[in-house]
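> If you read the sequences in order, they're chains A and B. All residue numbers for the first sequence refer to my numbering, where the first residue is 78 and numbers rise by one. All residue numbers for the second sequence refer to my numbering, where the first residue is 148 and numbers rise by one.
No lab work stands behind these hints: they were computed from the structure. All C-beta atoms, glycine included, are put in the ideal place defined by N, C-alpha and C. Treat the hints loosely; a few may be bogus.
Between beta-carbon pairs, the in silico distance windows are [claimed, not checked]:
1) B/Leu251 / A/Lys134: 32 to 38 Å
2) A/Gly176 / B/Val175: 22 to 28 Å
3) B/Ala498 / A/Lys134: 29 to 35 Å
4) A/Asp177 / B/Asp203: 28 to 34 Å
5) A/Lys134 / B/Val492: 34 to 40 Å
6) B/Gly241 / A/Lys134: 31 to 37 Å
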Amino acid sequence: MQDVVTLKFYLVVGAILFVCGIVCMASKRNAIGVLMGVELVLNAANVNFVAFARYTKLGLDGHIFSLFVIVLAAAEAAVALAIALNFYNNHLTIDVDRGDHLHG
Amino acid sequence: MFDGISGHDLFFWAFALAACGGAVAVVVSQSVVRMAFWLIVSLGSVAGLFFLLHADFVGAAQLLIYVGGTIVLLVFGLMLTASGPFLKIATSPGEGILAGGIGLLLLSLLVWTVMTTQATDWTGAPPTEQAFDPGVAGHTTRPLGAALLGLRPQPASVLVSAPVRASGENAQMSNGSAIIQVDAALRAHSETGDRPSVLRLYLPQGRVSSRIQSMDADAGTVTVSNTFTSIRGGTNRFEIVTAGNVLTGFPRVMQLPTGIAASDMNKVPRDGSAMVQVLNNGQRTTARITDWEYDTDTGGTLTVDRSLMDTKNSAGDGQAVDFDIVRLGTGYLLPFEVVSVHLLVVLVGAAYLARAKRRVTAEGQS
Numbered sequence: 078m079q080d081v082v083t084l085k086f087y088l089v090v091g092a093i094l095f096v097c098g099i100v101c102m103a104s105k106r107n108a109i110g111v112l113m114g115v116e117l118v119l120n121a122a123n124v125n126f127v128a129f130a131r132y133t134k135l136g137l138d139g140h141i142f143s144l145f146v147i148v149l150a151a152a153e154a155a156v157a158l159a160i161a162l163n164f165y166n167n168h169l170t171i172d173v174d175r176g177d178h179l180h181g
Numbered sequence: 148m149f150d151g152i153s154g155h156d157l158f159f160w161a162f163a164l165a166a167c168g169g170a171v172a173v174v175v176s177q178s179v180v181r182m183a184f185w186l187i188v189s190l191g192s193v194a195g196l197f198f199l200l201h202a203d204f205v206g207a208a209q210l211l212i213y214v215g216g217t218i219v220l221l222v223f224g225l226m227l228t229a230s231g232p233f234l235k236i237a238t239s240p241g242e243g244i245l246a247g248g249i250g251l252l253l254l255s256l257l258v259w260t261v262m263t264t265q266a267t268d269w270t271g272a273p274p275t276e277q278a279f280d281p282g283v284a285g286h287t288t289r290p291l292g293a294a295l296l297g298l299r300p301q302p303a304s305v306l307v308s309a310p311v312r313a314s315g316e317n318a319q320m321s322n323g324s325a326i327i328q329v330d331a332a333l334r335a336h337s338e339t340g341d342r343p344s345v346l347r348l349y350l351p352q353g354r355v356s357s358r359i360q361s362m363d364a365d366a367g368t369v370t371v372s373n374t375f376t377s378i379r380g381g382t383n384r385f386e387i388v389t390a391g392n393v394l395t396g397f398p399r400v401m402q403l404p405t406g407i408a409a410s411d412m413n414k415v416p417r418d419g420s421a422m423v424q425v426l427n428n429g430q431r432t433t434a435r436i437t438d439w440e441y442d443t444d445t446g447g448t449l450t451v452d453r454s455l456m457d458t459k460n461s462a463g464d465g466q467a468v469d470f471d472i473v474r475l476g477t478g479y480l481l482p483f484e485v486v487s488v489h490l491l492v493v494l495v496g497a498a499y500l501a502r503a504k505r506r507v508t509a510e511g512q513s
């Protein structure tokens, strides 16, 4: 039986995740929320990589790139969290709108 | 509609709805704890999508690193910062409406792009003859490890290619007949009476089958006719098919077809650092290339080191000998090492940042 679901369905799922992540990054004032938006964007890229690996000739290279992205996202979350904690130590809040010390 | 739905489609809709719904819930919920919960739902469903796409290792890594590691890290950060005078950080309704409108515009642009892009391999079922076959192998861990070392089964790494020219329905072999030197195991096999009858060539243009005219057991050569019975999609390998058997074996000296560019051949070193790859009943083994001679017009030979080679003769069909030539040092191991060292430095810096002294008490509650 021919599957109805093709590559485009996966790409649409990736697009929805990407837009949700972008909106989350742009609208949240909590720094942890911004981090979650970044995770969503990276996951959208991963969905596209793996879908192209399955449906086109990209092959295992797509898998390897998605592994790169997963590892990079974990490290990025750790670093950004350290920055957020430092920000909290200095400002007693993680509202990103209050980080305007460099604002001329 | 639902009586004809397949298992793959059913699971796709379940996981896709959970992933997209979780992502939307992350955006709309105001409590950060609920955002973390919905993020777990979304990322776990994306792992399910990975499993549906035959990417079992990536899916497992997603569950382990994302859901098990990153989310826990975020929740810890949440707990460490969820006190103080600015606990409630809400987005104003005007900002929410603006972000939603811009997000819908961006989403419509992306979906319109996906739907209107005309690519031939974007529609229809996934290709059945891939460079790797996870549906048969059942797992991708071994090919991924091989790919990290540079042993990629991708057709892009193949130098031996195209002894045929496809023209319309028919195809012509450029040099008339293929002569393939076979090793002693194949010769012994042929002497027992199982005479090979069909030679299959797997080429980037497709699979070509041709009838074997003669097989010289003493010289170890096979001569095939230049009329082809079929051409289908496939990758680069050849197999010799008898009535009930597929012969397996690895030639020590291989005859290279004409038509390889001299610039491609010159990339193959003679010091044993280049490899020729053997696909044998799903098991991939490699051998070092010790020497080669080649002329673009008359073809050439390829000599491999048998001592570093694993030649398993397993019974059953589906065995094939691969002609992929790959090179060591072209894998992802070096980039992965560079990235990991970079990340290590970054993490040490992050730890240093996080243990900085609190300055608020000195300045007064600013």
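> If a hint holds in the structure, say so; if it does not, say that too.
To see whether the hints hold, each was checked on the structure:
no., hint, result
1, B/Leu251 / A/Lys134: 32 to 38 Å, "holds (34 Å)"
2, A/Gly176 / B/Val175: 22 to 28 Å, "holds (24 Å)"
3, B/Ala498 / A/Lys134: 29 to 35 Å, "violated (42 Å)"
4, A/Asp177 / B/Asp203: 28 to 34 Å, "violated (47 Å)"
5, A/Lys134 / B/Val492: 34 to 40 Å, "holds (36 Å)"
6, B/Gly241 / A/Lys134: 31 to 37 Å, "violated (47 Å)"
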